[in-house]
Amino acid sequence: MKKIEAIIRPHVLDEVQGALHDGGFPGLTVSEVRGYGRQRGHKEIYRGTEYNIEFVPKIKLELVCADSKIETAVDIILKTAKTGQVGDGKIFISDIQDAIRIRTGESGENAL
Amino acid sequence: MENKIIIDTLWVLFTAMLVFFMNLGFAMVESGFARSKNAVNILSKNFIVFAVSSLAFWAIGWGLMFGDGNGFLGLNGIFGLKGADNSPATGDFYTGVYTAISWATVPLLAKFFFQLVFAGTAATIVSGAVAERVKYISFIVFSFVLVGVMYPLTGHWIWGGGWLADIGFWDFAGSTVVHSVGGWAALAGAIILGPRIGKFRNSKIFPIPGHNMTSATLGALVLWLGWFGFNPGSTMAADPESIARICITTNSAAIAGILSSTAVAWIVLGKPDLSMTINGCLAGLVAITAPCAFVSVESSLIIGAIAGAIVVFAVIGFDKIKIDDPVGAISVHLVNGVFGTLALGLFAQDVFSPGTTGNGLFFGGGFKLLTSQLIGIGAVGAFTFAISVVVWMIIKKTIGIRVSENEEIEGLDIGEHGMEAYPDFEKVS
Chain A
-3 MKKIEAIIRP HVLDEVQGAL HDGGFPGLTV SEVRGYGRQR GHKEIYRGTE
47 YNIEFVPKIK LELVCADSKI ETAVDIILKT AKTGQVGDGK IFISDIQDAI
97 RIRTGESGEN AL
Chain B
1006 MENKIIIDTL WVLFTAMLVF FMNLGFAMVE SGFARSKNAV NILSKNFIVF
1056 AVSSLAFWAI GWGLMFGDGN GFLGLNGIFG LKGADNSPAT GDFYTGVYTA
1106 ISWATVPLLA KFFFQLVFAG TAATIVSGAV AERVKYISFI VFSFVLVGVM
1156 YPLTGHWIWG GGWLADIGFW DFAGSTVVHS VGGWAALAGA IILGPRIGKF
1206 RNSKIFPIPG HNMTSATLGA LVLWLGWFGF NPGSTMAADP ESIARICITT
1256 NSAAIAGILS STAVAWIVLG KPDLSMTING CLAGLVAITA PCAFVSVESS
1306 LIIGAIAGAI VVFAVIGFDK IKIDDPVGAI SVHLVNGVFG TLALGLFAQD
1356 VFSPGTTGNG LFFGGGFKLL TSQLIGIGAV GAFTFAISVV VWMIIKKTIG
1406 IRVSENEEIE GLDIGEHGME AYPDFEKVS
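In the order they appear, the protein sequences are chains A and B. Numbering-wise (the numbering used here), the first sequence opens with residue -3 and increments by one. Numbering-wise (the numbering used here), the second sequence opens with residue 1006 and increments by one.
For the record, the hints were derived by calculation from the structure and aren't laboratory data. Incorrect hints may have been included.
With beta-carbon atoms standing in for the labels, derived distance ranges [as the list claims (entries may be wrong)]:
(1) A:R97 x B:P1277: 34 to 40 Å
(2) A:K75 x B:G1199: 23 to 29 Å
(3) A:S27 x B:P1212: 20 to 26 Å
(4) A:G31 x B:S1409: 20 to 26 Å
(5) A:E46 x B:K1087: 40 to 46 Å
(6) B:I1145 x A:K75: 38 to 44 Å
(7) A:Q81 x B:R1206: 19 to 25 Å
The structure presented is a predicted model; accordingly, all values stated were derived computationally and were not measured. Every residue, glycine too, gets a C-beta built ideally from N, C-alpha and C.
Next comes chain A alone, as it looks inside the complex:
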């Protein structure tokens, strides 16, 4: 099992989520996060003084799936979250030791 953590633009979430759902990924967790990579934020003004907003609002999407499906998931995210501009985000993939469904106690891929 692997976990995908993807940092994406807030406005593409609808499309990413729809495509993942249609692609056979039934579960998804998202959170509103702020951060920066190469896209170093933007300027704002408050009462005449300019200041830099370094932490840009993003969505963090977390998805755990079987090893065999990881490529499909990455493809879907690449296709739907890409605008081509700096700030499209990143995808991180890591190994998951185990998963347990709380209601039944099932574990492993059965719990996904």
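For chain A, the structure is supplied; the task is to place chain B on it using the hints.
Same frame as chain A, now just chain B:
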């Protein structure tokens, strides 16, 4: 000074202040119905629109609307309230160039302030329909033209002794003069702007929920309060019988609108949608604005109930034909402004304001009044919509009408104003 002049002036100024308070109502409803990334922009628009309106209406609007002239526009005392006027003198004692409004026993500046807050309301209506995508400067320019020229011209036809007044068209407090004029201008803007990004995709409608129903509710109740200035104040005289009855017809239409819009939403949409309840309340208020002085309390309940039902279907209908109106301004102000003006032709009873409207269709007056109302609705609609299209198109070709796609996605707050309404993530330093 006569007591009547003192009391009437107090009444006119007090109710005008209530109408002024509606600026807050619009600001709260519109920003609540929009997304948080556009809140600063909408609040800014609602703030600046009254400044622009005040300047435009003082500079030329008042004179075009109330100056003596022909059936189509005022020609005397146009600029800066500079025409001769000896208000509060009335009747044979009046000498001046603002004859059409010389019946009110209040000083010129009281008349001006009362009419000004109405003109401001018409411009504010536009703000909601074009929200979340219109350029700030373009909205400011349009508002100036609307309040300086367009609103006063149709206003002159009806309240300035113009040709619609002559054919027996009646609009007591402005279902047509204020609300449908604002609504037609808003419709033209919403069509020329096009929908917000993401509203209609693959021929499907995607809801874009408002970010704060608490402030929308606050705003709706503020508007409701303001309407007790809007309608009863339009007597421009503290006439006890009239202002008390108009208070109740106004309130009855609002509550009937609330109940019917809630019921219709519950039945048709499955849930009693709060945003529809709010729109229903405002729909009832807009609809009763024209007939409030001429109908019974029972009739006002019926008018409000119909308005509340109409507004739900109008909101759904405009979505279906892909006209994106984030706050339902067109459904509330245009559709129900038209309906309210028609309702006057149906429900009016001569007994309430003898010698004015006569009886409407339902009370034995035949089609005479209804026909005048239809002519007025058509004329004001055709004129305002056509001129609005021209003005919006000129703005589009010159300074541009819509923010860039990128700015719309990021939000107009940062793009137009460089600030956020809720900068809730801050580094502690």
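Status of the hints after comparison with the structure:
Here the CB-CB span from R97 (chain A) to P1277 (chain B) is close to 37 Å, well matched to the stated 34 to 40 Å. As the Cβ distance of K75 (chain A) to G1199 (chain B) is approximately 26 Å, the hint placing it in 23 to 29 Å holds. Checking the proposed 20 to 26 Å range against S27 (chain A) and P1212 (chain B) shows it holds: the Cβ atoms sit about 22 Å from each other. Against the hinted window of 20 to 26 Å, the Cβ-Cβ separation of G31 (chain A) and S1409 (chain B) comes to about 24 Å, which satisfies the hint.
At about 44 Å, the beta-carbon gap between E46 (chain A) and K1087 (chain B) stays in the expected band of 40 to 46 Å. Remark: the range hint 38 to 44 Å for I1145 (chain B) to K75 (chain A) is upheld by a beta-carbon distance near 41 Å. Distance hint for Q81 (chain A) and R1206 (chain B): a CB-CB separation of about 20 Å, consistent with the stated range 19 to 25 Å.
In terms of the numbered hints stated before, the structure departs from none.
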